[in-house]
Amino acid sequence: VTTPLLAIGPSRVDIDALVSAVGNAGGADGAVVTFLGLVRNHNQGRRVLYLEYEAFELLGVKTFERIADEVVRRWPDTRIALHHRTGRLDIGEASVAIVAASAHRSNAYAACRYTIERVKQIAPVWKREFFDGGDVWIEGATADPDDEAARTQAERVACA
Amino acid sequence: MRVTVRLFARLRDIAGTSELPREVAPGATIAAVWRELAGEYPDLAPYERSISSAVNADYARMDHELREGDEVAFLPPVSGG
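Chains C and P are the protein sequences, given in the same order.
One rule links them: number in the working numbering = place in the first sequence (from 1) + 37.
One rule links them: number in the working numbering = place in the second sequence (from 1) + 1.
Wrong hints could be hidden among the right ones.
Now the stretches of chain C that chain P is said to cover, found in silico as 3 or more residues with beta-carbon under 8 angstroms [to be verified]: (1) 70-84; (2) 156-167; (3) 180-190.
Just some of the chain P residues that point at chain C, by a computed CB distance under 10 angstroms [unchecked claim]: (4) Arg7; (5) Arg11; (6) Trp35; (7) Arg36; (8) Ser51; (9) Ile52; (10) His65; (11) Pro78.
Note that these hints are calculated values from the structure, not bench results.
Using N, Cα and C, we set each Cβ at its ideal position, and we do this for glycine too.
Just chain C, with the same shape it has in the complex (with noise of 0.2 angstroms):
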């Protein structure tokens, strides 16, 4: 079975095969790092007992090509691979798996947290989180992937 590069759906995260997945460029890469989010047991003070996400899953592929592109466009020798993961996911689990490989490392850090800022930023995902005492929906970012304010301050982030 091939592990295409960028993926969201129930399944499990598998960080091996998503380092597999992206390769070595046939021997030109000197640095690949990896990122899992996690489910954490607290969140603003609420001891949380697990996560629901949900996505809109055919925008979500194409934000993530989207993003794939402005990475390779920014840090030319580099190439990423991106999985969310949607439904109930108890804490400890993995609800994102991020690879960036290039030929240099500062560039597979840069691009790697570059990706995660943009998933955060424009990627159509929604987290319920249920806790002690109910359960509420997260609202963090309005997507809007042309906004090139947002877009640069990832790219500060990255590069800090």
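Got chain C sorted already, so can you dock chain P onto it with the hints?
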């Protein structure tokens, strides 16, 4: 003309459904569809300035004119990651 509205996350909870078939005037904008919807479900109204929209699974602006059969999606602020 007929369009299909899709709602996600809390917007879906407010309307009680993820998909609504709507009859709208030819050339209606996304904004016009939203206003009608918010009239019907007043709890949607506070989202006016924070929603994003998409047509046929591509992000689109609120002044985008819809065509027969389009699928228009309304997205509350996102929280992936």
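Those earlier numbered hints the structure runs against, lowest number first: The structure conflicts with hints 1, 6, 7, 10, although it agrees with all the remaining ones.
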